[in-house]
Amino acid sequence: MANYILYKEDIDRLNKVLGHLLSSASATFVLLVHKDGNLLANQGYTKAFDTTALAALAAGSYAATRAIAQMIGENEFTVLFHKGHTDNIHISLVDEDCILVLVFDDRTNPGLVRLESEKAIKGVNLILEDIRHNEFTDLESAPPKSDSVGQQMERLFPGL
Amino acid sequence: MASINYATREISCKIVYYGPGLSGKTTNLQIIHRKIPAETKSEMVSLATETDRTLFFDFLPLDLGSIKGFATKFQLYTVPGQVYYNATRKLVLRGVDGVVFVADSQRDKMQENLDSLKNLQENLKEYGIDLGSVPFVLQYNKRDLPGVASVAELDQQINWFKVPCFEAQAHQGIGVFTTLKAIGKIVIDTFNAKYTARQSSRRPSSLPDSQSTLPHPPPASGSAASPPPPRPVPAPMPFAAPPPARPAAAAPAMPPPPIPPSRPQAPPPPLPSIPSALPTPRPSAPVGAPQFTGFSPPPPAPPAATMPGLQPGFFPGPGAPATPPVAQSPGLMDPMAPPPPAPMAPLPGLTGFEPPPPPSRGSGPGSAAAATGAVPMGSDTTARKKSRLDGTLDPSDLDAEIARYERELSEQKTAPPPPRADTGRVVTTPNVNPNMEGNDPLASAFLTPEELSRLQSPDSYPTRRMPLGPGQQ
Numbered sequence: 001m002a003n004y005i006l007y008k009e010d011i012d013r014l015n016k017v018l019g020h021l022l023s024s025a026s027a028t029f030v031l032l033v034h035k036d037g038n039l040l041a042n043q044g045y046t047k048a049f050d051t052t053a054l055a056a057l058a059a060g061s062y063a064a065t066r067a068i069a070q071m072i073g074e075n076e077f078t079v080l081f082h083k084g085h086t087d088n089i090h091i092s093l094v095d096e097d098c099i100l101v102l103v104f105d106d107r108t109n110p111g112l113v114r115l116e117s118e119k120a121i122k123g124v125n126l127i128l129e130d131i132r133h134n135e136f137t138d139l140e141s142a143p144p145k146s147d148s149v150g151q152q153m154e155r156l157f158p159g160l
Numbered sequence: 001m002a003s004i005n006y007a008t009r010e011i012s013c014k015i016v017y018y019g020p021g022l023s024g025k026t027t028n029l030q031i032i033h034r035k036i037p038a039e040t041k042s043e044m045v046s047l048a049t050e051t052d053r054t055l056f057f058d059f060l061p062l063d064l065g066s067i068k069g070f071a072t073k074f075q076l077y078t079v080p081g082q083v084y085y086n087a088t089r090k091l092v093l094r095g096v097d098g099v100v101f102v103a104d105s106q107r108d109k110m111q112e113n114l115d116s117l118k119n120l121q122e123n124l125k126e127y128g129i130d131l132g133s134v135p136f137v138l139q140y141n142k143r144d145l146p147g148v149a150s151v152a153e154l155d156q157q158i159n160w161f162k163v164p165c166f167e168a169q170a171h172q173g174i175g176v177f178t179t180l181k182a183i184g185k186i187v188i189d190t191f192n193a194k195y196t197a198r199q200s201s202r203r204p205s206s207l208p209d210s211q212s213t214l215p216h217p218p219p220a221s222g223s224a225a226s227p228p229p230p231r232p233v234p235a236p237m238p239f240a241a242p243p244p245a246r247p248a249a250a251a252p253a254m255p256p257p258p259i260p261p262s263r264p265q266a267p268p269p270p271l272p273s274i275p276s277a278l279p280t281p282r283p284s285a286p287v288g289a290p291q292f293t294g295f296s297p298p299p300p301a302p303p304a305a306t307m308p309g310l311q312p313g314f315f316p317g318p319g320a321p322a323t324p325p326v327a328q329s330p331g332l333m334d335p336m337a338p339p340p341p342a343p344m345a346p347l348p349g350l351t352g353f354e355p356p357p358p359p360s361r362g363s364g365p366g367s368a369a370a371a372t373g374a375v376p377m378g379s380d381t382t383a384r385k386k387s388r389l390d391g392t393l394d395p396s397d398l399d400a401e402i403a404r405y406e407r408e409l410s411e412q413k414t415a416p417p418p419p420r421a422d423t424g425r426v427v428t429t430p431n432v433n434p435n436m437e438g439n440d441p442l443a444s445a446f447l448t449p450e451e452l453s454r455l456q457s458p459d460s461y462p463t464r465r466m467p468l469g470p471g472q473q
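In order, the protein sequence lines correspond to chains A and B. Residue numbers for the first sequence, in my numbering: 1 to 160. Residue numbers for the second sequence, in my numbering: 1 to 473.
Read the hints as simulated data drawn from the structure, not as lab findings. Any given hint could turn out to be false.
[Claimed, not checked] As a list, the in silico DSS-like pairs of lysine-lysine whose alpha-carbon atoms are at most 27 Å apart:
| # | chain 1 | residue 1 | chain 2 | residue 2 |
| --- | --- | --- | --- | --- |
| 1 | B | K118 | B | K68 |
| 2 | B | K73 | A | K16 |
| 3 | B | K118 | B | K35 |
| 4 | A | K145 | B | K41 |
| 5 | B | K118 | A | K145 |
| 6 | B | K41 | B | K68 |
| 7 | A | K145 | B | K162 |
| 8 | A | K47 | B | K73 |
| 9 | B | K35 | A | K47 |
| 10 | A | K145 | B | K68 |
| 11 | A | K47 | B | K125 |
| 12 | B | K90 | B | K118 |
| 13 | B | K73 | A | K145 |
[What the hints assert, rightly or not] Take a look, some chain B residues computed to stay more than 10 Å from chain A by CB distance:
| # | residue |
| --- | --- |
| 14 | E43 |
| 15 | E50 |
| 16 | D52 |
| 17 | R53 |
| 18 | V83 |
| 19 | L145 |
| 20 | Q169 |
| 21 | D189 |
| 22 | E450 |
Glycine included, every Cβ here is placed at the ideal spot set by N, Cα and C.
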């Protein structure tokens with residue numbers, strides 16, 4: 001499975017589309033999540049939320065629902081909608097790898113969220129198609145070595 | 001799937017704790033969560049039953065902090081161990097970067113260990129992952145219990161791939177962090193091996209220096225979709241002079257139209273001396289032609305005498321007298337391509353910049369190239385992808401896409417509502433059924449007794465469906 005390599009301009013482009021979606025749909029925040037549970041990009045008011053866990057759970061929820069879909073003969077469901085008292089979550093399929101998670105409250109409506117999500121997904125798809133072709137660039141941006149990781153773990157968990 | 005984010009200088013890897021039920025997978029994560037320093041501690045998410053058995057997964061993000069400028073994060077997952085939760089186990093394994101198999105050391109649990117290991121192998125195979133190739137360590141847990149199998153015995157039974165194994169008593173925290181450190185190192189080593197393999201595959205050492213600095217060497221024809229490198233093999237960096245570093249953190253805010261500077265971009269190649277190769281040079285934009293203001297020309301290329309290779313992102317600088325300036329968008333011009341049969345007309349749609357339609361996934365023929373009016377280079381798909389990789393079309397694509405959305409939205413708001421075809425279909429439309437009695441709209445849905453009796457007669461269908469011939473009457 002290919003690694004995802006995101007450069008600054010990729011994030012900028014994703015944020016641009018997600019920001020546009022956020023304002024047009026009047027959502028609280030929006031996350032672009034890989035189906036593995038990795039958070040790729042987010043926009044909106046996310047400080048009060050643990051977006052990492054939210055991304056993992058959304059991916060898990062989507063994966064579970066996909067398994068249900070396959071049991072009834074569907075490949076997968078393209079839209080999930082969880083309605084709460086005031087806050088709701090709209091999860092839509094972007095492509096075979098990613099999902100788009102929108103959290104919104106009663107100041108907007110699911111129809112608008114769905115409409116704007118479908119529009120934004122087209123733009124996100126363009127960017128993701130480019131991201132799949134990203135490569136590592138040069139030595140100076142190389143990821144850290146395992147020795148450094150081991151030392152950092154020693155610092156994090158001393159004597160364990 | 002490990003993801004590396006150069007914008008936030010962040011690496012994220014997924015590690016899954018696998019094993020039979022009640023072997024101590026969740027306990028491993030709980031101990032790790034308990035020992036994480038408070039300043040970096042995150043919530044541990046457990047989807048468990050009321051009896052604290054894992055129902056879906058446990059999730060613990062582990063932030064190792066900044067290592068050489070990269071924030072390294074491990075996402076630790078566990079799976080439910082019970083046999084009947086295999087569907088959810090399979091889901092959690094998606095995109096895994098490393099696996100810790102937590103085995104129960106008790107002798108009577110050996111068969112469960114073996115079954116779980118086989119199940120792990122099968123589930124990974126469904127994702128196209130070979131257990132022998134994925135970062136993988138074993139943890140022999142519950143070493144404090146009486147009657148446990150010896151390490152040699154466990155090695156012989158379940159350590160099929162001779163991977164590192166560690167004794168542990170997870171509930172006391174013994175061996176938990178040794179295992180975590182080991183799998184973390186192996187995952188990062190594998191990540192680096194992939195990095196090295198990609199570097200060496202992209203920059204073959206046989207290339208001269210002038211070509212070895214090209215981030216994307218021009219592929220041979222027909223090899224646009226080259227397969228990924230098979231198995232990462234650590235290799236020394238083949239080139240001496242590293243290419244220009246990507247200014248990830250210090251990059252300024254992205255100006256919309258110009259090409260993003262930090263994407264791996266081919267430097268402007270030496271200017272080819274090809275006036276004779278072009279029998280009819282492309283005419284420049286006629287006077288009075290609408291000026292295309294969406295793009296600014298890239299920095300001029302240094303002229304050179306030789307032509308080592310041509311890049312799809314080639315654009316002549318102002319110091320190039322051989323090729324007249326062209327008004328269309330840069331990036332998709334291939335100087336080696338045969339010239340167009342007719343002089344290129346002023347590009348349509350430059351006035352006001354008609355945004356191109358969004359190219360559909362799966363690469364329709366010449367979607368992006370046709371939208372910009374540029375000359376397609378060989379395969380349309382290749383040209384589009386390469387041009388996007390070079391960054392020449394990215395901002396315009398997005399701006400055009402967003403502009404189109406906004407235009408559609410405004411048109412929807414301003415346009416008068418279309419007449420609804422189904423307005424009053426039930427109530428106000430006069431019923432055409434002559435057999436309808438009264439004003440009951442539902443009456444048209446039923447047959448009258450006469451019609452029913454006519455249909456029930458055996459010879460009614462031929463006479464109703466086709467006229468009889470003269471001799472048949």
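For each hint, the structure was consulted:
no.: 1; hint: B:K118 to B:K68; result: violated (38 Å)
no.: 2; hint: B:K73 to A:K16; result: holds (25 Å)
no.: 3; hint: B:K118 to B:K35; result: violated (32 Å)
no.: 4; hint: A:K145 to B:K41; result: holds (23 Å)
no.: 5; hint: B:K118 to A:K145; result: violated (32 Å)
no.: 6; hint: B:K41 to B:K68; result: holds (21 Å)
no.: 7; hint: A:K145 to B:K162; result: holds (23 Å)
no.: 8; hint: A:K47 to B:K73; result: holds (19 Å)
no.: 9; hint: B:K35 to A:K47; result: holds (25 Å)
no.: 10; hint: A:K145 to B:K68; result: holds (9 Å)
no.: 11; hint: A:K47 to B:K125; result: violated (39 Å)
no.: 12; hint: B:K90 to B:K118; result: holds (13 Å)
no.: 13; hint: B:K73 to A:K145; result: holds (14 Å)
no.: 14; hint: E43; result: violated (6 Å)
no.: 15; hint: E50; result: holds (19 Å)
no.: 16; hint: D52; result: holds (18 Å)
no.: 17; hint: R53; result: holds (17 Å)
no.: 18; hint: V83; result: holds (17 Å)
no.: 19; hint: L145; result: holds (22 Å)
no.: 20; hint: Q169; result: holds (13 Å)
no.: 21; hint: D189; result: violated (5 Å)
no.: 22; hint: E450; result: holds (45 Å)
The structure is inconsistent with the numbered hints 1, 3, 5, 11, 14 and 21, although it conforms to all the rest.
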